[in-house]
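A.B. asks: Take these sequences, add in the hints, and give me the full structure.
There are 2 protein chains.
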Amino acid sequence: MPYFDHNATTLLSPVAQEAWLKAQAEVWQNASSPHRAGVRVGLRLQAAREKVALVMGCKPERVVFTGGATEATNAIMQHLSERWGETAKIAVSVTEHPCMWGAVGSYCESSQVVSLPANRGGQVVMERVDEALADGAKVVVVMAANNETGVVQPWEKIAAKCQAAGAEMVCDASQWLGKLPAHGLGEAGWVVGTAHKLGGPKGVGFMLRPAAENGLVMRRGGGQEAGQRGGTEDFPGIAAMVAALLEAEQSKVLHESEKLRTREAFEQEMTRRLVGVNVVAGPMDRLWNTVSLVMPHGDNTRWVTRLDKRQVEVSTGSACASGKAAPSHVLAAMGYSADEIRRTIRVSAGWETTPTQWLELANALVAVAAELKPADNVVSP
Amino acid sequence: MPYFDHNATTLLSPVAQEAWLKAQAEVWQNASSPHRAGVRVGLRLQAAREKVALVMGCKPERVVFTGGATEATNAIMQHLSERWGETAKIAVSVTEHPCMWGAVGSYCESSQVVSLPANRGGQVVMERVDEALADGAKVVVVMAANNETGVVQPWEKIAAKCQAAGAEMVCDASQWLGKLPAHGLGEAGWVVGTAHKLGGPKGVGFMLRPAAENGLVMRRGGGQEAGQRGGTEDFPGIAAMVAALLEAEQSKVLHESEKLRTREAFEQEMTRRLVGVNVVAGPMDRLWNTVSLVMPHGDNTRWVTRLDKRQVEVSTGSACASGKAAPSHVLAAMGYSADEIRRTIRVSAGWETTPTQWLELANALVAVAAELKPADNVVSP
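Heads up: the protein sequence lines correspond to chains A and B, in order.
Here the first sequence is numbered in my numbering, starting from 1 and rising by one per residue.
Here the second sequence is numbered in my numbering, starting from 1001 and rising by one per residue.
Possibly wrong hints are sitting among the right ones.
Straight-line C-alpha distance at most 25 Å; calculated PhoX-like pairs for lysine-lysine [said to hold, decoys possible]:
| # | chain 1 | residue 1 | chain 2 | residue 2 |
| --- | --- | --- | --- | --- |
| 1 | B | K1022 | A | K309 |
| 2 | B | K1309 | A | K22 |
| 3 | A | K161 | A | K59 |
| 4 | A | K252 | A | K22 |
| 5 | B | K1252 | B | K1051 |
| 6 | B | K1089 | B | K1161 |
| 7 | A | K22 | B | K1022 |
| 8 | A | K309 | A | K373 |
| 9 | B | K1157 | B | K1059 |
Pulled from the structure, derived: some chain A residues nowhere near chain B, Cβ distances all over 12 Å [stated by the list, open to error]:
| # | residue |
| --- | --- |
| 10 | E50 |
| 11 | Q112 |
| 12 | D130 |
| 13 | G136 |
| 14 | P181 |
| 15 | H183 |
| 16 | Q224 |
| 17 | S257 |
Treat the hints as calculated values from the structure; they're not laboratory data.
Cβ atoms here follow ideal geometry from the backbone N, Cα and C, with glycine treated the same way.
C.D. replies: Below, the structure is given as structure tokens:
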């Protein structure tokens, strides 16, 4: 069954599963235990930290292992709001993931939050970043790549601007990591990643803190993670995540351009065969795996259901636990109408997705278009 | 190798591993995804919640899946301090785990915290609980069983007293669950459990919130866990935890009295063979797996090292990530001297520990006693 919902979560990579099972059999003890088996877990944990640091291009002490991206965004925003106080300006890109906006809403005063708008292509408006920094913003929050549209943000430039201005950057790289090279992300100060988007298990992730940051305490307990995050370390989960990350960096991201061509071929095929279909942020630099499609007609929930019956799994947008999907704030920020947003589906492939599966997806979309409306906008192949 | 450090962490139970692997193969999608595979994960998650509720004796909606005990204690104390304000009295048993005291220290004003003393047997002094409640304490924090000594607290009585007084009880049941029947814990209001102490994986746990509690938000994100904890649910981890918990409840806790006799035989053997050894809280009701031993001589770190060389793994006390073990606050609260505390080791067995392994432990202890000091307190067997 073609699974086109990789931005929601990925199947566990075989190398990750192998690392997890090996750790559960051999390195399962408590890293804080005083016997040699415990010490060995601590050493392996440090080795895992060094591998992440190597991939990210930063010092190992900046790596903090977490339970995932939502934990990290909440902890970072809590920490930064306490550090900078309730009058400091915090500039947040409007297209951030709900777990970032939720954290901002929880811990920052609405009066201190500057919303950074997006252009029609979904990229943050750079002039507004400059303005916020010139106005003395202490924190700038811009993700690496968007979960709904795949649009890549100019995070390298923003990291440089923040460094020059003495501001802190928070970069949610959850959708970037494992798809594109991580190199350079270490420049971004605070960086958030999660294992289950890159072939690792759920419930584990990592973040980078800035090199100069010494006061972070996410939770208190047994003093783990250099006092930054109490709680017994999930070494098997961490080992699995690191295995998946290294596999992606060492053997997968090299094939990015090939995968990009496959996605582009699909987009051309769709545009040719289905009149009125619109690729969101079509001309922009986007993740090789993600296509957000405004369909010519039909509610996106109906599209998802009809495709599902044809064994094709796509999404309406960001995974949403509310039961009832709220209209996408990302597409709204890009200027799409409520009607267009209701017709938008998200397609997100994986490394294992074949050109044949992309074609099956295209065929299924054309077939469903005809089902949902006896349409004059379907062109025979 | 006899592993006597189960209170630090347990080996993953085979049923837990099987459940995890099955979920990673079949139920790995995102519970928030709109397609049927996602919906199926959500249904399985709800079934897991109902199983936990059945074991704990509470309604399913009180169960919140977490990343472990430290996350839960931090979230609960943050929530309760916000709810009750900084003048409300919060009574905390002095023998709580560092992750509870760390959370109390982070989120409560020192002026509002009432420390509940322990008697020589390690149990909370009930008169002081009564006093705190009579003084209008809004929250009473008493664990179910202690991680260092195994001492069982009168949590059922305290839960009843709290209910009568209209106070909230917080009960860390991390060391109780999987060792003794969970039945009745649902009466305790806030309850904390973690998978890796009961044969489940690390990085996953659960808590109960009181039935009347509607305002809990541990972290904001995609609205998961009824809005109480944002972040993609780790269903494979949860499935593994629930499998381990059910296995413990259905087939292990029945053997408690047999295991208790084995532990008692070990204690008698030690007392007979090693003059001057002292079982902490010897006469008290303690977990069947835990013995805290004040050795007649020698620093506990030396004991751990010497035993480790004999392939016997024990601990100095609570797992401590500070590198340098701090003296036990639990033993100090029970009236043990600094010198006694330095000589104390913790032994914690598992369900799979055999009487032969207990005997091996006794033999190793006697041998190390002779090594550490050419002693006149070793009696030939």
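A.B. asks: Indicate, hint by hint, whether the structure satisfies it.
C.D. replies: Results of checking the hints against the structure:
The straight-line distance between the Cα atoms of K1022(B) and K309(A) is roughly 24 Å, inside the 25 Å bound, and the hint therefore holds. Under the criterion of a C-alpha separation no larger than 25 Å, the hint pairing K1309(B) with K22(A) is consistent with the structure, at around 24 Å. For the given pair, K161(A) sits about 21 Å from K59(A) by alpha-carbon distance, which is consistent with the 25 Å threshold. At most 25 Å may separate the alpha-carbon atoms for a hinted pair to count; K252(A) and K22(A) meet this at roughly 23 Å.
Between the alpha carbons of K1252(B) and K1051(B) the distance comes to roughly 17 Å, so the proposed pair stays at or under 25 Å and holds. A distance of roughly 16 Å separates the Cα atoms of K1089(B) and K1161(B); the hinted pair therefore holds under the 25 Å criterion. At most 25 Å may separate the alpha-carbon atoms for a hinted pair to count; K22(A) and K1022(B) meet this at roughly 17 Å. Proximity of K309(A) to K373(A) is assessed by CA-CA distance (about 17 Å); at most 25 Å being required, the pair is judged to hold.
Between K1157(B) and K1059(B) the alpha-carbon distance is near 21 Å, which keeps this suggested pair within the 25 Å criterion. Every beta carbon of chain B lies more than 12 Å from that of E50(A), the smallest distance being close to 18 Å; the non-interface claim holds. Non-interface status of Q112(A) relative to chain B is upheld: no Cβ of that chain comes within 12 Å, the nearest being about 17 Å off. In this structure D130(A) is separated from chain B by more than 12 Å, as the shortest Cβ-Cβ distance comes to about 29 Å.
At the 12 Å boundary, the C-beta of G136(A) stays outside the reach of chain B, the nearest C-beta of that chain being 27 Å off. Its beta-carbon lying about 24 Å from the closest one in chain B, P181(A) satisfies the requirement of being farther than 12 Å from that chain. With a minimum CB-CB distance of about 26 Å to chain B, H183(A) clears the 12 Å threshold, and the non-interface call stands. Chain B draws Q224(A) into its interface by the beta-carbon criterion, the shortest separation being 5 Å against a cut-off of 12 Å.
Consistency note on S257(A): stated as away from chain B, and its beta-carbon is indeed over 12 Å from all of that chain's, at 28 Å minimum.
In the structure shown, a violation is registered for the earlier hint numbered 16 alone.
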